[in-house]
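Those protein sequence lines, which keep their order, are chains A and B. Using my numbering, the first residue of the first sequence is number 1, and each one after it goes up by one. Using my numbering, the first residue of the second sequence is number 1001, and each one after it goes up by one.
What the hints contain is simulated information worked out from the structure, not anything from laboratory work. There's no promise every hint is true.
Simulated pairs of lysine-lysine, BS3-like, Cα-Cα distance not exceeding 27 Å [as the list claims (entries may be wrong)]:
| id | chain 1 | residue 1 | chain 2 | residue 2 |
| --- | --- | --- | --- | --- |
| 1 | A | 454 | B | 1118 |
| 2 | B | 1162 | A | 466 |
| 3 | B | 1070 | A | 371 |
| 4 | B | 1096 | A | 202 |
| 5 | A | 245 | B | 1005 |
| 6 | A | 319 | A | 309 |
| 7 | A | 466 | B | 1118 |
| 8 | B | 1118 | A | 191 |
| 9 | A | 366 | B | 1162 |
| 10 | B | 1055 | A | 245 |
| 11 | A | 529 | B | 1005 |
Computed from a prediction, not measured in an experiment: that's the story for all the values here.
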Amino acid sequence: MSKSLTWRTAIASFAILAAFIYLIPSLTSEVPGWWSNILPRDKIHLGLDLQGGMHLVLEVESSKAVESHLERVVEELKRDLRKDKVRYTELKRDGTDGILITLMRSEDETVFKDLIAAGYPDFTFESLGQSEGKSNVRIVMNSKAIDRVKQMAVDQALETIRNRVDQFGVSEPDIRPQGENRLLIQLPGIKDPERAIALIGKTALLEFKLVDEENSVEEALKGNVPPGDEILYQVSVDAKTGRQKKTPWLLKKRTALTGEYISDARVQISNRYNEPYVSLSFDARGARLFEQVTGQNIKKRLAIVLDNKVNSAPVIQDKISGGQAQITGRYTTNEARDLAIVLRAGALPAPVTIIEERTVGPSLGKDSIEKGFKSMLIGGVLVILFMAIYYGLSGIIADIALLLNILFIMAALAFFEATLTLPGIAGIILTIGMSVDANVLVFERIREELRLGKTSRASIEGGYGKALVTILDAQVTTLIAALVLFQFGTGPVKGFAVTLSIGIVASLFTAIFVTRIIFDYLYVQRKMKKIRI
Amino acid sequence: MEFIKPGTNINFIGNRNIAFVISGIFIIATIFLLIWRGGPNYGVDFTGGVLIQVKFDGKTNTTDIKNALKPVELQDSIVQGFGEEGESEFLIRINKTDIDLPTLSSRVEQSLKSEMGKGVDVRRVEMVGPKVGSDLRQKALFAIFYAILFIAIYISGRFELKWLMSIIMAVSLAFVVYITSSLGMSVSWLIVIALIVTLGLCYFLNLKYALGAIIALVHDVTITIGVFALFEREISLSIIAALLTIVGYSLNDTIIVFDRIRENSRRFRRRSFEQTMNISINETLSRTILTSSTTLVVVLALFFLGGGVIHDFAFALMVGIIVGTYSSIFVASPILLVWEDKIDGNTKEKVPIE
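Excised from the complex, chain B in its bound form:
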């Protein structure tokens, strides 16, 4: 059986501007959405606070629960239904951190029991102190940053045999991070600066594959966060895990296309880079679609059957796999081409592609 017939030649590269416009719209939409919402919707893992998952014996609704929380002055908490339809299961989220957190869950339980007059099962409590919350936020941002950095080093070294260059990049980046962090900048700014520096270094050190891959990665993570903001889902610790997995997955896809481009540009020296690229994307298309669909199938299984606790995690993976597949075809490779054009335009001489 074959989905993509051999000899298929879809002009992906020729239509790259359409893809750039689409990606641009998504990214701008994400940025606006985040500004409008005042940043990503962080869960208690990062803001500090308490999350309580309760299950009631009989039917009830969020208004009743909020009323039942009045005696403990928590009626302003966020209460939402959870899990499957028809089950009386709810999440109560308390974002305050200036109250006595460790005893909060038992106070909530008592209050619910006495006010609602039915059995309550506290199934899950997550209490995160404000200090831990900011610690975790920092750790998470650094994790994403380091993942991207290591990958950039690996790609530059592996694809362009520029290990020295990639080490220069790593060292100068570490230097920049050290300087900015000693200036006491917040981590989010630090990441932004580090990313700009990384991209700048890739640009000046002529590390085009790394540049393409990293832009694709940032693209994927940004859009996934945007979709999360759109659906008002929370960014929790496990979502960071999902984002990192997306980073790995999207790269996996990108690298397979890059590998083909590298191989084909050695084989067809006569052809233009644009042609070679198109051939490579088409040749790997069958694999891209196949792997993406098997992965998507299992993630969908997880999304629909995995239960509430893992629901958001599966959702992030689902979005990430779709965006990641798209970006390895429509974003990562065309960036290589944009790069080539720039060099051609600047120097007016043919740069050997290898």
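Okay, chain A solo, but in the shape it has when bound:
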């Protein structure tokens, strides 16, 4: 065998062997132990549209996180101003980037300015002028700090949701940030999408607030809400009529305690009603706060507020020490379990909205795989027969290249840990049709050369040589389209771009390199006279 032919055969054999090694884990259900120790063991990853599952895109309302950050700064400022004995009449959040303060004495303005410069580096001071001896001041959060808070909100939301999903029990979830304030969540094989959405989308902000029993709710509902109070509703469903009932509560705006201090949340079944409820344990600091609040407000009502809805407002019978509380309601076991999960995993730093959902049931996924492969099989067989009939022996060589091409695409999917989707299967099918193109181009050239009366060997050389540039030109454009598609595509469409790109590259290798080896072997090495093409 000539030296170059030996080399080329070695390269091709190596590529084929490597492809098989990468494919074997996907073909067998269980690879032996020694195999997975030294050789690749990743199976071809199936997309959600093939194995069933849920794809969610959430948008984190990160500007809400900035607002609550500003609210916290307001509280901090109040403490600092009290310490510095600076008196003010008004101190509140102003819009989404500032805080408005009215100082009682205009000479305090410099004190305040120094305080901001020293203790609040994220803010810039702005004087709005004086009136009647009072001084109006605004501090503005700079855009860098705002971006930081927003980014932190997104990161934290990601972490929290990951925690929730882990505790919910989904195998191989994929949760990642997308763009500025979006999260992409992929949950394969999920059985109860509705429940998953409720679990992921809940803000789960738990607050304990005192009920204002000195003022009447009726008066507040007319529009006279006392300062420092707010109206929140308790929503309950009447068991008989199934109708929703909304009960208003007048609450102190100030939060006595939040879910931040929860160290554990568990589902328990009450002995009395045989209903599930969630029992909370607070950490040391939370327990102390809880003891304080309950101790100071015996015989008053303390409302448990979840996401701005009053859950219940029991009367505090006695000081509660030990840091235990209960959340009761008409929960099903699953609801109680999910509530416990979200309370354990913590609240989201800002509300999220689901802006995209794609769910595929497992039965449809199975159907799609079956139908996809069936059409691949039938399309493939037709093309193989067609080539063999049209080009004879050479057609069979092209068919070998075609089969190798499919092998390489599959192996590359396993190698790059890419995801096979339904459009991805379509991409492979399309490649089957298109990959013979390279061989058709070569064969047509060889035929032309033969017609000019050249020998087999010269025709093969001329055919491959002349067709090569054309093949490259033609394939590069398809590759450009595929790469653009990859850039813009999401999920399934990306899968299509992946298989199409891999298919194009693989077909160049098989249709030009591998078939040439076979031709050279037959007509140069074995000196076969007549080309059957």
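Starting from the known structure of chain A, fit chain B onto it as the hints suggest.
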């Protein structure tokens, strides 16, 4: 075996006016159809809304389903049969975006279950918020645009060795896109403007191959969209993928013909450009037909056997392959000739073809 005998010489170029008329009719028909229908029939991917694929245990029909959707006030939804004959599988499409979308599918499921009194399997839910919808529409248009742009650059550089020209084109195009987008124009207008600018630049920079290829591409994509509008099929994300594939495929075909034209015009300097072109198209005809038919065979397999989810995708590919093959023979090359005529007519001197 041979379909096309060697020495075949069909006068494609001589009959180019017939082809221009046919293409013109198709494109005008597409434009009228789109105006009449009020634009392409975008799916929920682009409009926002909810698509629910359900399968019932027993036989049922669309009227019953619509009635069953009354309690949730969705009786105006589009309900259509889906999948194979005899299977009780349906698509429910809700184009509203001003309602609570995330919980919609479960409400629909409940309502169907209680009203129809038979088992319902929700097989697929696609919910796209209005914001995502418009985002995706933008991304899709840009993707098609960039594909065409990159390809134009590649062809000009590769075929005419005018890399500098193609870079000038890219830069000025990027500039135009930047200006128009900063003026706050909608993406569709932006694409139209960008295309006009691209064609204009090709024209003035003398990039004839790119001009021919791009006109052929726009021709193919337009007609495919027109056929979609005619059959009232929806343009979804995967259809955009199909359109881009058509762009790649049609170009593949065009380039192979162009390659031959370039090669032959070097070989037969004495012959007229028209003759050279005809010879080139005829020489590559066998390959064109062969590749198109193998590709069409697999796409047909996908169309008939691939199942409902992939049906429209395969349909788009099918139309695109047929139109793309046609255009590489009847549209792309004759445009080169029209170009040559123009130059000849203007300058009255022979321009070397190379």
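Hints, one by one, checked against the model:
Under the criterion of a C-alpha separation no larger than 27 Å, the hint pairing residue 454 (chain A) with residue 1118 (chain B) is inconsistent with the structure, at around 73 Å. Taking the CA atoms of residue 1162 (chain B) and residue 466 (chain A), the gap is about 22 Å. The hint holds against a cut of 27 Å. A hinted pair counts as satisfied when its Cα atoms are at most 27 Å apart, and residue 1070 (chain B) with residue 371 (chain A) does not qualify at roughly 34 Å. The hinted pair formed by residue 1096 (chain B) and residue 202 (chain A) meets the criterion: a straight-line CA distance of about 24 Å does not exceed 27 Å.
The hinted pair formed by residue 245 (chain A) and residue 1005 (chain B) fails the criterion: a straight-line CA distance of about 83 Å is larger than 27 Å. As the CA atoms of residue 319 (chain A) and residue 309 (chain A) are separated by approximately 25 Å, the hinted pair is consistent with the 27 Å bound. Under the criterion of a C-alpha separation no larger than 27 Å, the hint pairing residue 466 (chain A) with residue 1118 (chain B) is inconsistent with the structure, at around 65 Å. At roughly 20 Å between alpha-carbon atoms, residue 1118 (chain B) and residue 191 (chain A) fall within 27 Å of each other, so this suggested pair holds.
Distance check on the hinted pair: residue 366 (chain A) and residue 1162 (chain B) sit about 51 Å apart at the alpha-carbon level, beyond 27 Å; violated. Restraint check for residue 1055 (chain B) and residue 245 (chain A): not satisfied, since their Cα atoms lie roughly 35 Å apart, outside the 27 Å limit. At most 27 Å may separate the alpha-carbon atoms for a hinted pair to count; residue 529 (chain A) and residue 1005 (chain B) meet this at roughly 23 Å.
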